[in-house]
Amino acid sequence: MGTEKVALIKKKELQAFMVHILRDVKALEYMLEKGMFESENIRIGAEQELCLIDKNWKPAMLNMQVLERANNELFTTELAQFNLEMNVNPMLFTDRCLYNLEMQISELLSILQKTAAELNAQVILTGILPTVRKHDLNDMYLTPKVRYKALMDAIKEMRGNNVELKIQGVDELITKHGSMLIEGCNTGFQVHLQIKPDEFVQKYNIAQAITAPVLAVATNSPLLFGHRLWHETRIALFQQSIDVRTAGDNLRNRSARVMFGNDWVRGSILDIYREDIMRFKVLLTSDEPVKDPFEQLEKGEIPNLKALQVHNSTVYRWNRPCYGITNGKPHLRIENRIFPSGPTVKDEVANSALWLGLMNALHEQYPDITAAMDFEDAKSNFIMAARNGINTTLNWVKGKKIQATELIKKELLPIAITGLRNAGIDDDDIGFYMGIIEERISIGQTGSQWILQSYNHLLKETSREEARSAITASIVANQKEGLPVHEWKLASLDEITGWNPANLLVEDFMQTDLFTVYEDDAVELVAEIMDWERLKYVPVESATGKLIGLVTARFVLRHLLQNYYVNDAEAKKGFIVKDIMISQPITIDPDASLKQAIEVMQTNRIGCLPVVREGELLGVITEQDYLKVAGRIIYNIRDNT
Numbered sequence: 002m003g004t005e006k007v008a009l010i011k012k013k014e015l016q017a018f019m020v021h022i023l024r025d026v027k028a029l030e031y032m033l034e035k036g037m038f039e040s041e042n043i044r045i046g047a048e049q050e051l052c053l054i055d056k057n058w059k060p061a062m063l064n065m066q067v068l069e070r071a072n073n074e075l076f077t078t079e080l081a082q083f084n085l086e087m088n089v090n091p092m093l094f095t096d097r098c099l100y101n102l103e104m105q106i107s108e109l110l111s112i113l114q115k116t117a118a119e120l121n122a123q124v125i126l127t128g129i130l131p132t133v134r135k136h137d138l139n140d141m142y143l144t145p146k147v148r149y150k151a152l153m154d155a156i157k158e159m160r161g162n163n164v165e166l167k168i169q170g171v172d173e174l175i176t177k178h179g180s181m182l183i184e185g186c187n188t189g190f191q192v193h194l195q196i197k198p199d200e201f202v203q204k205y206n207i208a209q210a211i212t213a214p215v216l217a218v219a220t221n222s223p224l225l226f227g228h229r230l231w232h233e234t235r236i237a238l239f240q241q242s243i244d245v246r247t248a249g250d251n252l253r254n255r256s257a258r259v260m261f262g263n264d265w266v267r268g269s270i271l272d273i274y275r276e277d278i279m280r281f282k283v284l285l286t287s288d289e290p291v292k293d294p295f296e297q298l299e300k301g302e303i304p305n306l307k308a309l310q311v312h313n314s315t316v317y318r319w320n321r322p323c324y325g326i327t328n329g330k331p332h333l334r335i336e337n338r339i340f341p342s343g344p345t346v347k348d349e350v351a352n353s354a355l356w357l358g359l360m361n362a363l364h365e366q367y368p369d370i371t372a373a374m375d376f377e378d379a380k381s382n383f384i385m386a387a388r389n390g391i392n393t394t395l396n397w398v399k400g401k402k403i404q405a406t407e408l409i410k411k412e413l414l415p416i417a418i419t420g421l422r423n424a425g426i427d428d429d430d431i432g433f434y435m436g437i438i439e440e441r442i443s444i445g446q447t448g449s450q451w452i453l454q455s456y457n458h459l460l461k462e463t464s465r466e467e468a469r470s471a472i473t474a475s476i477v478a479n480q481k482e483g484l485p486v487h488e489w490k491l492a493s494l495d496e497i498t499g500w501n502p503a504n505l506l507v508e509d510f511m512q513t514d515l516f517t518v519y520e521d522d523a524v525e526l527v528a529e530i531m532d533w534e535r536l537k538y539v540p541v542e543s544a545t546g547k548l549i550g551l552v553t554a555r556f557v558l559r560h561l562l563q564n565y566y567v568n569d570a571e572a573k574k575g576f577i578v579k580d581i582m583i584s585q586p587i588t589i590d591p592d593a594s595l596k597q598a599i600e601v602m603q604t605n606r607i608g609c610l611p612v613v614r615e616g617e618l619l620g621v622i623t624e625q626d627y628l629k630v631a632g633r634i635i636y637n638i639r640d641n642t
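Residue numbering for the sequence shown follows my numbering, beginning at 2 and increasing consecutively.
Take the hints with a grain of salt, since some may be wrong.
Restricting the straight-line Cα-Cα distance to at most 27 Å, the calculated cross-link-like pairs of lysine-lysine (DSSO-like) are [stated by the list, open to error]:
#1 Lys330 x Lys146
#2 Lys292 x Lys282
#3 Lys11 x Lys410
#4 Lys490 x Lys56
#5 Lys167 x Lys177
#6 Lys167 x Lys282
#7 Lys282 x Lys300
Restraint ranges, calculated between C-beta atoms of paired labels, are given here [stated by the list, open to error]:
#8 Gly445 x Lys27: 43 to 53 Å
#9 Ile444 x Asp293: 51 to 61 Å
#10 Leu23 x Ser594: 19 to 29 Å
#11 Ala523 x Gly445: 43 to 53 Å
Quick caveat, the hints were computed from the structure, so don't treat them as lab data.
Glycine included, C-beta positions come from ideal geometry on N, C-alpha and C.
Generate coordinates for the entire structure from the input sequences, incorporating the hints supplied.
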């Protein structure tokens, strides 16, 4: 999420800080004109984001405790308390850098795993944690760092409190949430590639063109709150979670802060920075003195361009331009932000190798990709790849339509291999990591495909909550084995033989696909619904989704029996739901524990609890749901004896 030494900008500071940003842009332009940037060496780097989970495979809010115990400068926080990030030391893009990248990440993961185990927690690499709940994304679980609080406050000031999500896949998610922390669902694997200044425009446009095919074979985030959505749901979730745009009657085109871009880059890296300054309001300022870059240059120092970097850290391009200093020399790089975390370190490095190889050789095939491909195709390809993953049909160069797998296997893999060889990468490493991509395509099993197939299979046997837990447990087990995802077997309930629902929430078990009625509906309608769907309880809601009553099968039966003996035909007509419903049913909050729900139902001798927050009907939980839980507990006990 960028540098930590920032603060929420105040109106009186805005003008002065903007001047600092503009001075930084001018200094960057001067440095480019004077040829001050390093171009002899090309380095790569990476940032590994991950999640902490507890023994029940739910988010563990322990990042600060883990960091304190690990005491390693390569580890840092992320937005939510169940997120962490590891920063890999930059290395030269040559020889065995890919293998060294895998080894360094694996060694750091091993340290974190041991540290987390001391706190009864585990580490998992996953684009979106399958078991994450809305409850885990309240402001109380925001990592206690100034930067995160300042960013949240800045976005709330522009947009208000509620985040609205509308994402459609196999299922459809339409929900709102009162915190930007919902972005904390996302965990990624960012890859950095240093770029020579005179090649930046060409390489940046190539990065844009190859985003879709590379993403299509790397997706790993198809589940959110138990809903099967995009193959890489992170893409939609990230944009919507921090989108400050509001709907209006006008037809203005306004860019989201999370963006792919609006056109090819034509001039230099300055074009990107200038566009972002023009389009996006400054959200944060530095909480330490900002040095004038020209004064630093006059002293023979390399300016850190602090103001520009702070602003750049709040604009989330999927291919982000970056400025940095290594060994006293300034450099430019592209940060690839599209890759999800996981499924394994080997998969991540294979994804990186494909991208790095293409970045290093595609220009030989297409010296000017902008002349061979429309930008609109590159952009729409990206969205389609995020939606459909390995099944995507792409609009490639010269308007050619081609399956992502066919494009990669027949054209892009050979080019990537050439690019890696041109960089002097070890031949055995090239064969190993490119072999992973080739096998993944051949078998057709990405992380997303594995999760979706596992989930569909498990839903035939158990609840959504337990299916998500089994998938999460299986991911952890497979990551420990270290086999790439194309070799994974589908998840099974055997993965969670020790599953214990004692600490689960109502949100985990409530039914959300509800049949409801209005209070002025005919009693006959609710009776038929109960018969058709074999229901004992039907909630009564208002036109705005507020719970106003509950109809039970017992009340319907009583009504029908009472009217059975009435001979007056007119007296039998005109009854509506309001006449027989319970007008103030006992309810429960989705954040309540399953144990609390059972106690409420036993104490009040009721078989159904509507789940409500601020009057809005979210779901129901019934005695049938408890029978499913009890059945699984008995099953687990039997298997462990």
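Does the Cβ distance between glycine 445 and lysine 27 fall inside 43 to 53 Å? holds (51 Å)
Run the distance test for lysine 490 versus lysine 56: straight-line Cα separation, threshold 27 Å. holds (22 Å)
So does isoleucine 444 sit 51 to 61 Å from aspartate 293, Cβ to Cβ? This hint holds: roughly 57 Å between Cβ atoms.
With a cut-off of 27 Å on the C-alpha distance, tell me whether lysine 167 and lysine 282 pass. Holds, at about 25 Å.
Holds or violated: lysine 11 with lysine 410, Cα cutoff 27 Å? violated (52 Å)
Verify the proposed pairing of lysine 167 with lysine 177, using a straight-line Cα cut of 27 Å. holds (9 Å)
Supplied distance hint 19 to 29 Å, evaluated on CB atoms of leucine 23 and serine 594: With a Cβ separation near 54 Å, leucine 23 and serine 594 fall outside 19 to 29 Å, so the hint is violated.
Take the C-alpha atoms of lysine 292 and lysine 282, compute the straight-line distance between them, and say whether it is at most 27 Å. Holds. Lysine 292 to lysine 282 sits at ~22 Å (cutoff 27 Å).
Alanine 523 versus glycine 445 beta-carbon gap, inside 43 to 53 Å or not: holds (51 Å)
Hinted pair lysine 282 and lysine 300, Cα distance within 27 Å: At roughly 32 Å apart (the allowed maximum being 27 Å), lysine 300 and lysine 282 break the hint.
Just to be careful, I want the Cα atoms of lysine 330 and lysine 146 compared with a cutoff of 27 Å; is the pair within it? violated (30 Å)
Hint compliance for this structure: hints 1, 3, 7, 10 are not met, and every other hint is.
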